[in-house]
Amino acid sequence: MNTKSSKNVMIDASRIITEALVQSGADVFIGYPITPSNLFYSYSKERFPEFLAGPDEISVLQWMCGYSAAGKIPVTATAFPGLALMTETLNMAYMMELPMVLIITQRLGPSTGSATTGAQGDLKFLDGIISGGFPLPIFSPSNFNDAWTLSNKAVKTAIEFRTPVIILTSKELVMTQRSFNINLLEPLEQINRTPKVVEPPYKPYKAGKDRVPTFYPLGNNEYQTRFNASTHDNDGLIRKGTPESLANTWRLREKLEERINEYSFFELDADDGADDLIVTWGVSADASRDAINLLRKNGKKVSLLIVKTILPISQNIFNIIDSFKTVTFAEENMTGLYKEMIFGKRKNSKVKVATKFGSMLTPSEIEEIVN
Amino acid sequence: MEAAKKILTNIKMPFCPGCGHGVCVKSISKSLENLGYRSKDVIIVSDIGCSGLVDPLFTTHTIHGLHGRSPALGVGVTLGLDNPNKKVIVIQGDGGATIGLQHILEAARRNIDMTLVVINNLLYGMTGGQMSGLSTNEFKEYKHSNDDADPYDVVNLAHQSGAAFSIRVNNISNFTDVLEEAIRISGFSLVELSSLCTSHGMKKISEMKHYIVAEEKLTNNRSVGVSIKRNTASLLDKSKILTPQFTSKINDSIGIVIAGSAGGGVQSAAKMLAQAAILSGLYATMKGEYPITVGTGFSVAEVILSKKPIHFTGLENPKVVMVVTEDGWNKVKNRITNSTKVFVDTKVSYNSTFITKDFLKVGGKKGAALSAVSYWIKESGVFPIEALFKVVEDSKYVTSLQKAIKGAEELRELVYADRK
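Here the protein sequences line up with chains A and B, keeping their order.
Under numbering that gives the first Met the number 0, think of the first position of the first sequence as 0, with each following residue one higher.
Under numbering that gives the first Met the number 0, think of the first position of the second sequence as 0, with each following residue one higher.
Just chain B, with the same shape it has in the complex (with noise of 0.2 Å):
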């Protein structure tokens, strides 16, 4: 008797005359109490509905949260502790196993170490009698609603989900045994409760039998569930440092465009570009743009560059746009003006306006983007190629890389000898 005073409040139960969650209650704090639980040891993570007005009824600590939602607020309490000196122990209704069934299975499926205890009065209590997804066909009959889907073995659900236990009990005097076994499980446990709702529901115990589920017991030999911890290193120090040491001949800003398909390399060309700006002493910006499924169609890069600070990162008229690819030509060919300077791939067009090559046959598919770059920062002087393969040195790819590189200046050469 001393312990119970320990898990138990003198309150008076706020449930209806007969209501079973009374019995429930007691044998929660009873066998928490035969396991040599301490109050401040045990943490009572309260749903809505008539279980939701448990949290007075305990010396314990306790968070009183949304219909159906306690379950996965003591998954966020029980990981956020990770003490397995605390006891997490959720109440909720079958109304609130309803509506946030998803919680339970996931709670089930991680084997994360607590106790769900759903108390089951067919119904739901506070809103005034109606079916829920744990109500019976029989007690659906007996209600004369219209639903004749079956109910949610959630006994069963938890079991295929993962959970360590997962009992269902109708006999309230065994409710203190069972709820005892449960709470000693490392892992999830569930234990289905059966209870009176003498508002809506029976008024006597006897007659329940005819419309409730059988017991079933279920266990699953799993590990517990735990959020892993770890140290980790500042993202600005795995930042790649780029230190200028070339110069570049521009005084304003200079606003690129490429274009190809996915997988191209288009992205990444754009980013050695800005790289390699800022080795030579400019502000870059660089943004992408492809759709939503990343591994097909268009991608297309934004870059400017400038010796000054960038603000605006848009860009609305391009001075240089680079094509690669008929998709990335698609994309792009509508921003091109009197201008713009157009570097494009010699199977995509071969409008006499336009600076046409063979990226894609000197840097293939996946290095044509960056060998139109090259191209464009040789032909445009605006800093030296070596900036380009400097950013180019230390990434795994780094032979492909200089071949794409070194590929345009094969193409500068053919323009050479075009001028002769």
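Only chain A is shown next, with the shape it has when bound in the complex (with noise of 0.2 Å):
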């Protein structure tokens, strides 16, 4: 129950997560409009210290880009649409290694969709979005605490690792309004940037033991820079096919999949002796904690696996997964999107999905497919 001790508001994660973002030290925030992400762009040109209206995605994400060359943390929220026309841009910001944070909030697609219609639909775009099939860091929120949390840990993310990351999340969790208690929310401290001390002469993309070149900014007045979007070797510049060259690119998959666990976040409500486990993700997370209790009211032994980053799939996840005897994914998109990233399209005795296309997923139906 509500309490006299709370700071009850009706908030919106869109609310929560700009000013989380804002919070942790994010720069700028450089937006062109699309539904369902217009709450972001309309908190943070309340919010942002920097609010800049692009005309265009693609020119959104470019600017973005010279914004973290030099030295700032820039922030846009889209939707499919959007995010199709940042790619190329976005895997150049990849390859540059200029840490920002793109929030894409998923609707019915194909396409133009239903822009109104909640899904969770972009997963499989997401996973092969960088070509080569590198990872790309994209945290899910499943409620306002993750919401919080998980910005933080996106800003956090782009800046140690040097790389674009996304939250991806769904227009039921940031449009909805909730009764909230703010006082839950701990005040976040802006992530620190001060670049390491480097010996001379400064390689833009010599990288040490954490796999993670150390950033200097465009225009520093201590050592020259370069940025490069093509193939190139230590210093920035392109080289085609070198052993130097190919390691950095190589080096790109190394930074992200070796400290994976630095970054991998998950909740799992564990039931003793349990032989299923109910697995979901962003939107699907509230109805799949609502069909938990549901089964258990009922005498049924589940566990609850709630993924929070969602890409790169981390062995902590596989290894919950392979200790249950029966698995079912909550996923509100057509097939189980993320059960695909797990088990492939092929069926499988073990595992089951409680999907849902149009419409939110429901706790009952999730309950019934368990059952």
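Think of the hints as simulated: they come from the structure by calculation, not from any bench.
Bear in mind the structure is a predicted one, so any value in this text is a computation, not a measurement.
Among the clues, some could well be false.
Said to hold, decoys possible - Listed next, the in silico DSS-like pairs over lysine-lysine satisfying Cα-Cα at most 25 Å (straight line): (1) A:Lys195 to B:Lys39; (2) B:Lys395 to A:Lys296; (3) A:Lys296 to B:Lys307; (4) A:Lys300 to A:Lys351; (5) A:Lys6 to B:Lys307; (6) A:Lys6 to B:Lys228; (7) B:Lys270 to A:Lys44; (8) B:Lys228 to A:Lys155; (9) B:Lys270 to B:Lys332; (10) B:Lys237 to A:Lys44; (11) A:Lys6 to B:Lys248; (12) B:Lys307 to B:Lys239; (13) A:Lys44 to B:Lys395; (14) A:Lys44 to B:Lys228; (15) B:Lys307 to A:Lys300; (16) B:Lys11 to A:Lys202; (17) B:Lys239 to A:Lys44; (18) B:Lys389 to A:Lys299; (19) A:Lys307 to A:Lys324; (20) B:Lys402 to A:Lys6; (21) B:Lys364 to B:Lys389; (22) A:Lys202 to B:Lys39; (23) B:Lys248 to B:Lys228; (24) B:Lys306 to A:Lys6; (25) A:Lys344 to A:Lys307; (26) A:Lys6 to B:Lys11; (27) B:Lys11 to A:Lys239; (28) A:Lys296 to B:Lys306; (29) B:Lys270 to A:Lys205; (30) B:Lys318 to B:Lys270; (31) A:Lys6 to B:Lys39; (32) A:Lys202 to B:Lys5; (33) A:Lys205 to B:Lys5; (34) B:Lys346 to B:Lys405; (35) A:Lys6 to B:Lys395; (36) B:Lys360 to B:Lys402; (37) B:Lys202 to B:Lys11.
Need the complex rebuilt from these two chains, each delivered in its own frame; the hints are there to steer you.
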């Protein structure tokens, strides 16, 4: 029950994510309006220290790259059509190793589909969005607390790994208002951006053991720096197919794979002795939480795994899933896209999917599939 | 000569023999040196194509991006640096200017303080000499192209979009002077330089004069585009705090749908209902649904009130449906079941199983939904109506909102009268 010591407000996740990003040190929001990410646009206009309205999504992400190379943390929010336009530049940002945060609010497709209907249909596109199959950190909040903490982790991961990071949401999560005790949100500190001390000569893409090169922004007075979207050597100059340049490109994968546990987040509600597991993410997590309560109330032993770092997938996720006899994936898409990330499209007697297309997946529908 | 070493490296030019790009690069570096720039004060933004090979030639900071996007990247760098002592020079070819024309116009429209150098060799050099949007008809005829669409005049387009300075230069002996003039300008400057492509175009510069556009110089006197920085307040601090001060009698949860027309205050009424519930110690969710054209058609809101924390926010079978207009009725009538309690305006439906009241009459067009909500609160006793009065008391529309709530009181009196 709400109490007098609570600080209750009616709020949506758009506001929580926007606030968390600014408190974490994001500098500028650059946006192009698109439903259902419009609340991010309007709240960011009110809250970010800098706000720019881009003329199109390609410009938005190019401007963000410029800001990022100049030492700032830029943020945008869009949906699938905008993300599609941004894809080439997202690859550029990835190759240049530019920290930034993109919020993607999923809606029903294909194409423009139904802009005001929620969905969880962009996962596979995101899985392959970096040409060559490189991993891109994607965080998917399941509730308001996640919206707060994962936004902070998004900025932290973007800076510490020098990479774009995506916050993957859905219409129902970011537009639905809820009563919420904002006292539960711990104040966030800005992520430290002080560059490590490097021994001259500075090479902009030379990395140490952590596989992440030290970032010096364009225009700094200490070292000449270079950013490059083409295959490049440690100096940031175009080199086609040299061992150094290919190793540098390979490193983009290594830096995110080798240290995956530093940014891999999940929530496991384990039921002792349970053989059944529900696996879910994002907007379907709340329905799954209710489904778990319904199932347990009726005597069913079942555990719940809510995946929050949805990509890349850490070994921990595989290990948890492997430890159960039956796994039900709960997702708001046609076939269970996260399920296909884990088990592929082939039928598997261990695997069940509770899916919904065009409306929210309900607790009773999940309960029915699990039973 | 001493200054020249600061901006230009000793690396051999990567261009084909006779290519005009080398002259352009040397002119750019020379102009920067003449103006006294040090290498760390300059950021070269390069594009894709032959002009994109320039990075190693400069001792400056460099950033090498995508085909045609370098003017947009340059805008981000310039605004991100926000330092008038640093100079951003963007270099692209005529192919890049074609595919990224919008980015040039946007940089000019905003009069961003950077210099764009378009090296125009009339063709796509790296991919086999295809025609670009800046290829002239004379050149296309010479190349036996069947495209007779006139070329973009990128200098004039930038000018029309608001560039402080835009110029086309064909005479290579003037390149350095013109670039100096452009770089000195505060605001967006565009310099189109004619350049030979000896592999796919002309072999000699003397031949080129028949195929290029005449020189032109255009200026606008405008303020420089900047990004405004400001101090802002926390969005959390701006949220209305709803400290429980009333009590509710419900022990479970209840789902409510409110339906009306756009502009009828449906979403506001739903939010006020949720806020009043929170003031009464309940948890609440609220979501809206309306057509993309938000100013017309239906407006539907879903509210869940609960004694316990709410996870799933979907509403399959609402216990209560309130309808105040025909638009709303058509949208939600299929959601009504035998167990739904329906409150409907008299103009919408006369079903005897519904509670039919003059919500529009007492609340007006904008207050009918709130009147319906008020009526339901009183009728159900879910929490004291004072909670709703508390919610509206600091609204700038407090008088009309109170009137809508009190209007529902009149309807209740009519109920009592009926019962008598």
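Evaluation of the provided hints:
1. Between the alpha carbons of Lys195 of chain A and Lys39 of chain B the distance comes to roughly 20 Å, so the proposed pair stays at or under 25 Å and holds.
2. Note on Lys395 of chain B and Lys296 of chain A: the hinted pairing is violated, with a Cα-Cα distance of about 47 Å set against a maximum of 25 Å.
3. For the hint linking Lys296 of chain A to Lys307 of chain B, the alpha-carbon distance of about 16 Å falls within 25 Å, and the restraint holds.
4. Distance check on the hinted pair: Lys300 of chain A and Lys351 of chain A sit about 16 Å apart at the alpha-carbon level, within 25 Å; holds.
5. Taken as a hint, the Lys6 of chain A and Lys307 of chain B pair is honoured in the structure, with Cα atoms around 17 Å apart against an allowance of 25 Å.
6. In summary, the hint linking Lys6 of chain A to Lys228 of chain B is not supported, as the alpha carbons are separated by about 30 Å, beyond the 25 Å threshold.
7. The hinted pair formed by Lys270 of chain B and Lys44 of chain A meets the criterion: a straight-line CA distance of about 23 Å does not exceed 25 Å.
8. Pair hint Lys228 of chain B plus Lys155 of chain A holds up; C-alpha atoms about 23 Å apart against a cutoff of 25 Å.
9. For the proposed pair Lys270 of chain B and Lys332 of chain B, the alpha carbon gap of about 22 Å is at most 25 Å, so the pair holds.
10. About 14 Å separates the Cα atoms of Lys237 of chain B and Lys44 of chain A, which keeps this hinted pair within 25 Å; it holds.
11. Restraint check: the Cα-Cα separation between Lys6 of chain A and Lys248 of chain B comes to about 22 Å, which is no more than 25 Å; the hinted pair holds.
12. The hinted pair formed by Lys307 of chain B and Lys239 of chain B meets the criterion: a straight-line CA distance of about 21 Å does not exceed 25 Å.
13. Distance restraint check for Lys44 of chain A and Lys395 of chain B: the Cα-Cα separation of roughly 23 Å lies within the 25 Å cut-off, and the hinted pair is therefore satisfied.
14. Distance hint between Lys44 of chain A and Lys228 of chain B is fulfilled; the C-alpha atoms sit about 11 Å from each other, no more than 25 Å.
15. Simply put, Lys307 of chain B and Lys300 of chain A have alpha-carbon atoms about 23 Å apart, close enough for the 25 Å limit, and the pair holds.
16. For the suggested pair Lys11 of chain B and Lys202 of chain A, the alpha carbons sit about 21 Å apart, so the restraint of at most 25 Å is met.
17. With a C-alpha separation of about 19 Å, the suggested pair Lys239 of chain B and Lys44 of chain A falls inside the 25 Å cut-off, and the hint holds.
18. Between Lys389 of chain B and Lys299 of chain A the alpha-carbon distance is near 45 Å, which puts this suggested pair outside the 25 Å criterion.
19. Only pairs whose Cα atoms come within 25 Å are accepted, and Lys307 of chain A paired with Lys324 of chain A is accepted, the gap being roughly 22 Å.
20. In summary, the hint linking Lys402 of chain B to Lys6 of chain A is not supported, as the alpha carbons are separated by about 29 Å, beyond the 25 Å threshold.
21. Between Lys364 of chain B and Lys389 of chain B the alpha-carbon distance is near 22 Å, which keeps this suggested pair within the 25 Å criterion.
22. Note on Lys202 of chain A and Lys39 of chain B: the hinted pairing holds, with a Cα-Cα distance of about 15 Å set against a maximum of 25 Å.
23. Simply put, Lys248 of chain B and Lys228 of chain B have alpha-carbon atoms about 49 Å apart, too far for the 25 Å limit, and the pair is violated.
24. Distance hint between Lys306 of chain B and Lys6 of chain A is fulfilled; the C-alpha atoms sit about 17 Å from each other, no more than 25 Å.
25. The straight-line distance between the Cα atoms of Lys344 of chain A and Lys307 of chain A is roughly 22 Å, inside the 25 Å bound, and the hint therefore holds.
26. Straight-line distance between C-alpha atoms of Lys6 of chain A and Lys11 of chain B comes to about 67 Å, which puts the hinted pair past the 25 Å bound.
27. Restraint check for Lys11 of chain B and Lys239 of chain A: satisfied, since their Cα atoms lie roughly 18 Å apart, inside the 25 Å limit.
28. For a cut-off of 25 Å, the pair hint linking Lys296 of chain A to Lys306 of chain B stands: about 18 Å separates their Cα positions.
29. Pair hint Lys270 of chain B plus Lys205 of chain A does not hold up; C-alpha atoms about 54 Å apart against a cutoff of 25 Å.
30. For the hint pairing Lys318 of chain B with Lys270 of chain B, the CA-to-CA distance comes to about 18 Å; that is within 25 Å, so the pair holds.
31. This hinted pair does not check out: Lys6 of chain A and Lys39 of chain B have alpha carbons roughly 50 Å apart, beyond 25 Å.
32. Between the alpha carbons of Lys202 of chain A and Lys5 of chain B the distance comes to roughly 19 Å, so the proposed pair stays at or under 25 Å and holds.
33. The straight-line distance between the Cα atoms of Lys205 of chain A and Lys5 of chain B is roughly 24 Å, inside the 25 Å bound, and the hint therefore holds.
34. With a C-alpha separation of about 20 Å, the suggested pair Lys346 of chain B and Lys405 of chain B falls inside the 25 Å cut-off, and the hint holds.
35. Note on Lys6 of chain A and Lys395 of chain B: the hinted pairing holds, with a Cα-Cα distance of about 23 Å set against a maximum of 25 Å.
36. The hinted pair formed by Lys360 of chain B and Lys402 of chain B meets the criterion: a straight-line CA distance of about 12 Å does not exceed 25 Å.
37. Between Lys202 of chain B and Lys11 of chain B the alpha-carbon distance is near 21 Å, which keeps this suggested pair within the 25 Å criterion.
Consistency note: the structure conflicts with the earlier hints numbered 2, 6, 18, 20, 23, 26, 29, 31.
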